[in-house]
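Student: Below, each chain spelled out in residue letters.
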Amino acid sequence: MPQTLLARDPQDVVDAVTAAGANGRTLEIRGTGSLTALGRPVVADTVLDLSALSGITLYEPEELVLSARCGTPRRDIEDMLAQSGQMLAFEPADLAPLFGGAARAGSLGGLVATNLAGPRRISAGAVRDHTLGLKAVSGRGELFKSGGRVVKNVTGYDLPRLFAGAFGTLGVATEITLKVLPRPETQETVRLEGLSPEAAAAAMSAALGSSCEVSGAAYAPAPVAARLPGCPDTATVLLRLEGFGPSVRARRDMLARVLIPFGPCTVMRETPSAALWSAVRDVAPFVGTPERALWRLSTAPMAGPALAARLCATLDAEAFCDWGGGLIWLALPGPRSEADTVRTALAASGGHATLLRATAEERARTAVFQPLDEPLAALTARVKSSFDPAGLLNRGRMHEGW
Amino acid sequence: MGDAGARPHGGPQESTAATAEESAEESAEESAQQRMHDGSHDGSRLVMPAPDAAVLARRDQIVADLARLVGADSVIAHERAMRPYESDALTAHRQLPLVVVLPATTDEVAAVLKYCHDNAIRVVPRGAGTSLSGGALPLADAVLLGMAKFTRIREIDTANRCAVVEPGVTNLGITKAVEHLGFYYAPDPSSQIACTIGGNVAENSGGVHCLKYGLTTNNVLGVELALITGEIVRLGGKHLDAGGLDLLSVIIGSEGLLGVVTEVTVRLLKKPDTARAVLVGFPTSESAGDCVAQIIAAGIIPAGIEMMDKDAIAAAEAFVNVGYPLDVEALLIIELDGPEAECAHLLDAVTAHAQACGATTLRVSQSEEERLGFWAGRKAAFPAVGRISPDYLCMDGTIPRRQLPFVLARMRELSHRHGLRVANVFHAGDGNLHPLIRYDANAPGELEAAEAFGADILRLCVEVGGVLTGEHGVGIEKRDLMPEMFDAVDLAQQLRLKCAFDDQNLLNPGKVFPTLHRCAEMGRMHVSGGALPFPDLPRF
Ligand SMILES: Cc1cc2nc3c(=O)[nH]c(=O)nc-3n(C[C@H](O)[C@H](O)[C@H](O)COP(=O)(O)OP(=O)(O)OC[C@H]3O[C@@H](n4cnc5c(N)ncnc54)[C@H](O)[C@@H]3O)c2cc1C
Chain A
1 MPQTLLARDP QDVVDAVTAA GANGRTLEIR GTGSLTALGR PVVADTVLDL
51 SALSGITLYE PEELVLSARC GTPRRDIEDM LAQSGQMLAF EPADLAPLFG
101 GAARAGSLGG LVATNLAGPR RISAGAVRDH TLGLKAVSGR GELFKSGGRV
151 VKNVTGYDLP RLFAGAFGTL GVATEITLKV LPRPETQETV RLEGLSPEAA
201 AAAMSAALGS SCEVSGAAYA PAPVAARLPG CPDTATVLLR LEGFGPSVRA
251 RRDMLARVLI PFGPCTVMRE TPSAALWSAV RDVAPFVGTP ERALWRLSTA
301 PMAGPALAAR LCATLDAEAF CDWGGGLIWL ALPGPRSEAD TVRTALAASG
351 GHATLLRATA EERARTAVFQ PLDEPLAALT ARVKSSFDPA GLLNRGRMHE
401 GW
Chain B
1001 MGDAGARPHG GPQESTAATA EESAEESAEE SAQQRMHDGS HDGSRLVMPA
1051 PDAAVLARRD QIVADLARLV GADSVIAHER AMRPYESDAL TAHRQLPLVV
1101 VLPATTDEVA AVLKYCHDNA IRVVPRGAGT SLSGGALPLA DAVLLGMAKF
1151 TRIREIDTAN RCAVVEPGVT NLGITKAVEH LGFYYAPDPS SQIACTIGGN
1201 VAENSGGVHC LKYGLTTNNV LGVELALITG EIVRLGGKHL DAGGLDLLSV
1251 IIGSEGLLGV VTEVTVRLLK KPDTARAVLV GFPTSESAGD CVAQIIAAGI
1301 IPAGIEMMDK DAIAAAEAFV NVGYPLDVEA LLIIELDGPE AECAHLLDAV
1351 TAHAQACGAT TLRVSQSEEE RLGFWAGRKA AFPAVGRISP DYLCMDGTIP
1401 RRQLPFVLAR MRELSHRHGL RVANVFHAGD GNLHPLIRYD ANAPGELEAA
1451 EAFGADILRL CVEVGGVLTG EHGVGIEKRD LMPEMFDAVD LAQQLRLKCA
1501 FDDQNLLNPG KVFPTLHRCA EMGRMHVSGG ALPFPDLPRF
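Chains as they are written, first to last, in my numbering: chain A, 1 to 402; chain B, 1001 to 1540.
Here chain A stands alone, though its shape is the one from the complex (with noise of 0.2 Å):
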């Protein structure tokens, strides 16, 4: 068992890695450890729990922006939010349940360390586009700052977009600022039934082409959609509209006129709608499923339904589409990940594949995210040494060795 140490403040953060520099000892950044078993194993000689770095430290609606320290429980500044009307525009998904932790358990630092937006990605960006500022420690032990608290900011690179998706190999986080936005007033979603993967394809594309403003564009398949929420046991595409009243009235009257070529389209109303689209968000169709490896593939919107079905059939898998038809979540039947098939049948339309969930083993031995190719992959290596020149920071998370 590794050694836990607590860190109260930046300061023992610095202090921490300067001694484990000095120790050449590795070590493991963890939030509240929801998502631990996401990327790639890693074997660190100590780890540093951030849990106590807690607390939202600027919140002014009107400006829209919000910083807190990198440990603050995601529910503490979901609620705060809410309670002035405002959200986390890339609607983070929850992927604690996936993988049998509960709900809503996340810090903002794992939360921007593993930049999973949701369904709102097509329309509002990823975790990184509202990633404004950041305070961190290197892996040299040297707190930094970079970015800011205004959203017009080219002073410097742009470190902070850097920091998310890089899951603590970089630096810790101590400190992040975030742009928030009002909550949508209300929202309903426009359903479609019985459609093939070509024709969801079209389908999401003529919705999200149009000027309708749809905010979440997903398609699931027969047996995956009965596991949604008021979704039928067929085949179908969900259209998500948000905002105002009269305008959500007005674009829904208008998607509907888009959608004739494609059937008869049904409305749910905005609770149901709500309920549907967290489920969307939080892979619920895969939860509770903990021995099936689980992908999540990110590709061009419009291949995305036929490449998912290629890969259901070829390997007795399930899957379902958000973002437009460009984002693929793939369970496999059982726990092998089948790395080799899935990415050679992703290779033809590009994009990434990341084995989200499998053992430890599984995880161990695949190349979790999407393996580089030179002169790529020399050069993402040379980034990483230019924040952790001795690889002290959870060292092999993403890639094998560094």
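FYI, nobody ran anything at the bench for these hints, they're computed from the structure.
Treat the hints with care, since some could be wrong.
[Stated by the list, open to error] Computed footprint of chain B on chain A; a stretch qualifies when at least three of its residues, placed anywhere within it, have a C-beta under 8 Å from a C-beta of chain B:
#1 7-13
#2 112-125
#3 204-217
#4 248-255
#5 299-313
#6 365-374
We put the CB at the ideal spot given by N, CA and C, even for glycine.
Starting from the structure of chain A, add chain B with the ligand where the hints point.
Tutor: What follows is chain B with the ligand alone, placed relative to chain A:
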């Protein structure tokens, strides 16, 4: 282009760029360090990296070698032909490059970069040269790598809502290429008819609609990038997000220091059905600021909110005659877009907020023509100020919005102290200020005074929690102010990232960072010898 020939920052002054007294890099480094310490900012005596005498001596050979790589037609070496490249839109600083190269393919870019890397020759990338921060200012010993031949739209893919374009395509050129399909590219800098998408990527350019639609960084899906070694990497594409470290996010806004962008995949959006604008006048900047805050607090994110102060209103109205009220202290242009029903609904709400905040004039656009008229004055604000002033300096700080009244008041004091007038246009929705400092470059000392005034304004932005540049980039203009915002540790981390891309510091040196550095030095880890006990942290 749109600036009607004004000199955004102009004067006959020659930069001391090539005449830096130091001959060795070592001493340039020292003097840069010096500047950082005494904190003085004297832009017109900007010190650039001393030219490498060995490179200058080999000029003929280098020109011949480059001609061999890209063809003699693509190499410009005569002084007169190089003149148009001697500055970007920050025209107070000029410098002829060693040679201008205009490659036409990614392979040619790669070959030029590899050659420069192998021979330790510096490279300055250039798009259309509209940078207001001197990002594309040449160096006497550097190859100026112009991307002007990269003007093809490679693919329009509306089904996936993206387009693949070469970096020399203009910002507006993208929209022009897709508008017949009902789509557009959202970021819209005022320079959009001239500036290139490659330059936009380098500067993370914005525009008046960023509040709702984001900056370049939120609208670019991928790039192909040539590294200084001549290696090519592809980051992103038609899919979203990165499968590993998201290097695209640091390429955007990297001001030509990390690599040369040779292809860009941009996100396309469907044109909104309707757009309506409201023109609202206020007796004070405070009340205008309150109005913006109230609208946002009510959950409304308009497509754009622009503010102009009295001087800017007067200049714009005199120039374009669109009926701006002249008896107000602050004017807001608030644009709403989307379906008809949404615009109508929000117009009512916005109008109510404006009235509650004490608006003295209020006009809602009743036609597309009238809406464009509201914008015409704002979009022509720079050249309008150029008309009433021999020269002007365009600043670009960002502040937390609620600090606006304080910042404007302090700016008036500074204006008094420096003896120069300033007109303000302001992306009010996101706190991005563009003070236009009026001066006469032919009046002795005025350029220096204008630059000192500008530096004071940017210090003020940082003091109230903002940043030195919102969308124009640091370049050379704000380079020496970087320590106002970042300490030595912050800057060292940035420089180390630079080293990961460019270990000899050959790409666009002298920009963004106030000190020169050696990567070997930056990379050194100072580890205290021997084991260190773990500090006194609670442990389990
Ligand atoms: C009148 C006027 C109005 C303006 N309005 C706005 C505005 O509203 N919003 C805004 O954000 N900006 C504005 N600008 C600033 C300017 O237009 C932008 O910064 C623009 O993005 C620069 O593009 P460019 O092609 O001219 O680049 P250049 O000026 O040629 O170069 C700018 C920087 O980009 C680098 N670069 C260029 N091409 C590449 C490439 N292919 N690969 C790597 N690096 C490259 C250069 O080295 C340099 O550092 C304005 C400028 C003017 C003159």
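Student: Against each hint, give a clear statement of whether it holds in the structure.
Tutor: Hint check results:
Here's how the region 7-13 of chain A fares: 3 of its residues keep a CB closer than 8 Å to some CB of chain B, so the rule of at least three is met and the hint holds. Check on the region 112-125 of chain A: 5 of its residues sit with their Cβ under 8 Å from a Cβ of chain B, so the three-residue criterion for coverage holds. Only residues whose C-beta sits within less than 8 Å of a C-beta in chain B count toward coverage, and the region 204-217 of chain A has 7 of them, enough to reach three; the restraint holds. As drawn, the region 248-255 of chain A meets chain B at 4 residues by the rule of a beta-carbon pair under 8 Å; at three or more, the given contact holds.
Counting residues of the region 299-313 of chain A whose C-beta sits closer than 8 Å to any C-beta of chain B gives 4, which meets the bar of three, so the coverage hint holds. For the region 365-374 of chain A, the stated coverage by chain B holds: 3 residues have a C-beta nearer than 8 Å to a C-beta of that chain, and at least 3 were required.
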